[in-house]
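In this text, residue positions in the sequence shown follow the numbering used here: the first is 5, and each later residue adds one.
Just so you know, the hints here were simulated from the structure itself, not pulled from any lab data.
We treat Cβ as the ideally placed atom computed from N, Cα and C, and that holds for glycine.
Be aware that a few hints might be false.
[As the list claims (entries may be wrong)] Label-pair ranges, simulated between beta-carbon atoms: (1) Gln-263 to Lys-412: 16 to 24 Å; (2) Ala-296 to Lys-412: 22 to 30 Å; (3) Asn-291 to Asp-445: 38 to 46 Å; (4) Arg-203 to Ser-360: 17 to 25 Å; (5) Arg-557 to Ala-296: 23 to 31 Å; (6) Lys-283 to Asp-312: 23 to 31 Å.
[Unchecked claim] Calculated pairs, DSBU-like style, for lysine-lysine (alpha carbon to alpha carbon, straight line, at most 30 Å): (7) Lys-125 to Lys-24; (8) Lys-446 to Lys-457; (9) Lys-387 to Lys-561.
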Amino acid sequence: MSFKNKQELDIALKIACVKKDFRLKKVINSCSVYCVKCEHLECKWWLRAVKVENSDRFYIKKYEKMHTCGSEHLTSHNPHATAKVIGAYFKDRYPEGKGPSTKDLKNSIRIELGCKVSYWKVWMGSEIAKSLVRGTHEHGYGVIDAYSHMLRTSNPGSKTALKIDENDRFKYFFVAYGAWILGFIQMRKVIAVDGTFLRSKYGGVLLSAVAQDAENHIFPVAFCVVDSECDASYRYFFEQLRSFVLDTPELCIISDRHQSIRKMVSIVFPLAHYGCCMKHLGENIRNNFHNASVVYHFYKAAKAYNIDVFSDHFNRIRDLVPQAATHLERVGFHRWSRAFFPGNRYNIMTTNIAESVNSMFLDEREYPITALFDAINRRFAEKFHERRMKFINAPTIFVPSIEKDIAKNINLGNKLLVHQTANYKYIVTGQDEVATVDLLDKSCTCKVFNIDKIPCPHAMAALRCQYGDDYGRRIYEYSSSYYNVEVYLIAYVEEIKPVPSEETWEVPIEILERKISSPFVEPGKVGRRSSKRHKGIGESFSTKKNKCSLCKRIGHKRTTCSERNVA
Numbered sequence: 005m006s007f008k009n010k011q012e013l014d015i016a017l018k019i020a021c022v023k024k025d026f027r028l029k030k031v032i033n034s035c036s037v038y039c040v041k042c043e044h045l046e047c048k049w050w051l052r053a054v055k056v057e058n059s060d061r062f063y064i065k066k067y068e069k070m071h072t073c074g075s076e077h078l079t080s081h082n083p084h085a086t087a088k089v090i091g092a093y094f095k096d097r098y099p100e101g102k103g104p105s106t107k108d109l110k111n112s113i114r115i116e117l118g119c120k121v122s123y124w125k126v127w128m129g130s131e132i133a134k135s136l137v138r139g140t141h142e143h144g145y146g147v148i149d150a151y152s153h154m155l156r157t158s159n160p161g162s163k164t165a166l167k168i169d170e171n172d173r174f175k176y177f178f179v180a181y182g183a184w185i186l187g188f189i190q191m192r193k194v195i196a197v198d199g200t201f202l203r204s205k206y207g208g209v210l211l212s213a214v215a216q217d218a219e220n221h222i223f224p225v226a227f228c229v230v231d232s233e234c235d236a237s238y239r240y241f242f243e244q245l246r247s248f249v250l251d252t253p254e255l256c257i258i259s260d261r262h263q264s265i266r267k268m269v270s271i272v273f274p275l276a277h278y279g280c281c282m283k284h285l286g287e288n289i290r291n292n293f294h295n296a297s298v299v300y301h302f303y304k305a306a307k308a309y310n311i312d313v314f315s316d317h318f319n320r321i322r323d324l325v326p327q328a329a330t331h332l333e334r335v336g337f338h339r340w341s342r343a344f345f346p347g348n349r350y351n352i353m354t355t356n357i358a359e360s361v362n363s364m365f366l367d368e369r370e371y372p373i374t375a376l377f378d379a380i381n382r383r384f385a386e387k388f389h390e391r392r393m394k395f396i397n398a399p400t401i402f403v404p405s406i407e408k409d410i411a412k413n414i415n416l417g418n419k420l421l422v423h424q425t426a427n428y429k430y431i432v433t434g435q436d437e438v439a440t441v442d443l444l445d446k447s448c449t450c451k452v453f454n455i456d457k458i459p460c461p462h463a464m465a466a467l468r469c470q471y472g473d474d475y476g477r478r479i480y481e482y483s484s485s486y487y488n489v490e491v492y493l494i495a496y497v498e499e500i501k502p503v504p505s506e507e508t509w510e511v512p513i514e515i516l517e518r519k520i521s522s523p524f525v526e527p528g529k530v531g532r533r534s535s536k537r538h539k540g541i542g543e544s545f546s547t548k549k550n551k552c553s554l555c556k557r558i559g560h561k562r563t564t565c566s567e568r569n570v571a
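Whole structure, please, built from the sequences with the hints as guidance.
Structure (structure tokens):
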């Protein structure tokens with residue numbers, strides 16, 4: 005047998021020792037000769053391997069395979085069952101860095117290798133197996149500049165940016181694929197921004213900017229790994245985003261009320277409109293004021309299209325809990341209400357699409373940085389292909405979800421009465437409401453037509469009156485082109501190509517010579533990886549308080565109650 009190098013031969017021998025339950029001792033361990041024998045002095049088992057000339061390969065030259073020793077020298081623990089050996093043996097169980105838990109791996113070791121090892125050693129073995137598959141964190145930071153070059157080479161038109169500090173330590177890394185940049189042109193200009201903490205020993209935060217396509221699917225815009233969520237990191241993120249996202253009044257950026265996001269949006273995107281996530285604000289109200297009716301009316305007020313409906317629900321909030329109304333006024337109606345928002349958020353009232361991205365890469369957050377971006381590449385490459393194939397032969401003009409909304413509005417519009425007041429202007433009555441529709445301005449006093457950019461039931465009735473039998477075709481002319489199947493396909497037409505494996509990289513010499521170190525980690529912060537989510541702005545996690553069953557006071561139990569002896 006021959007082996008790629010001496011390390012591979014050494015691991016193979018130790019795995020054999022663990023399986024057959026014997027111990028070996030090295031006799032010669034030089035750069036060209038590797039000779040081992042059985043640990044028992046009188047045993048004749050031995051093996052000699054030599055190096056192939058002008059190569060790193062080793063081949064076995066002599067081998068005496070029969071053991072002549074007994075079992076009196078064996079112990080319950082095999083010294084060759086190290087974490088390194090366990091990792092090498094089980095690395096195939098971790099495709100793409102995911103595999104069995106530590107408990108399951110410990111059982112597999114007992115069944116397959118027949119040896120007993122500690123839980124800590126099994127955990128270390130699983131970490132080594134993962135690092136053999138996806139690389140180490142230190143190596144990932146070391147080759148990040150070359151990785152960035154190869155990403156741009158394999159995906160022309162992509163945007164990457166790398167920043168290091170004065171000590172050549174990693175600081176920020178920004179990625180936007182060319183397919184994302186071209187596809188975002190066809191998207192509604194509403195971006196949800198969020199950050200999720202990484203679970204590696206070096207920490208950090210993964211910032212994401214995502215849009216929502218016409219089918220309400222996640223469309224990635226950019227990702228960036230930074231040290232923390234602060235003014236400097238968000239400024240860097242938005243400045244890189246600014247290179248291909250135009251700063252126009254049409255642009256809306258939504259987040260979870262993080263102060264740094266709001267501040268940097270006003271600096272980097274002064275013409276854009278900033279809004280906060282309705283869901284985050286609603287959950288804060290639920291946790292802080294504990295009133296389900298207030299939460300119900302808050303969501304109704306936030307989703308309301310016109311100011312009259314908004315005022316009805318907000319006045320109910322003021323009557324129920326005045327402090328909640330004051331808090332919402334302090335946040336600002338223009339931040340969370342669709343009726344008062346100065347731009348157009350369409351139906352995107354939350355950052356759920358950004359939160360969904362965080363959950364998509366829940367396990368990958370502990371990966372090395374290059375493996376993390378490879379996982380992002382694979383996931384969205386699959387999604388792009390899947391969505392492209394789904395609509396390649398679509399029979400409708402608009403995407404199915406919008407066609408469903410149009411059919412619903414047509415059905416409701418058929419029950420309304422229409423009176424024409426001027427050319428292309430109508431008054432529509434029915435269902436205890438009166439609305440004015442202007443077809444030239446593509447507007448209605450109910451504001452649904454203005455915001456969603458598809459004809460509301462009132463507009464449907466007006467179109468039927470204006471165009472007669474031809475109004476079915478005219479509906480699409482009065483709707484936004486964002487919902488068109490052809491536009492949808494153009495957004496996903498570009499293919500996301502994977503970054504080649506490291507062995508095939510062709511990188512300029514100046515990039516190879518550039519040494520980038522891992523981020524600095526304070527010694528006190530090293531420890532168990534955090535898995536619980538961090539609190540958002542204005543968010544409080546409810547904590548259960550004990551209530552004494554004797555004195556009925558809160559803060560202690562009956563076993564520690566001062567009135568227990570009296571009772």
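query: Tell me, which hint numbers fail for this structure?
result: Hint check: 1 and 9 fail, others pass.
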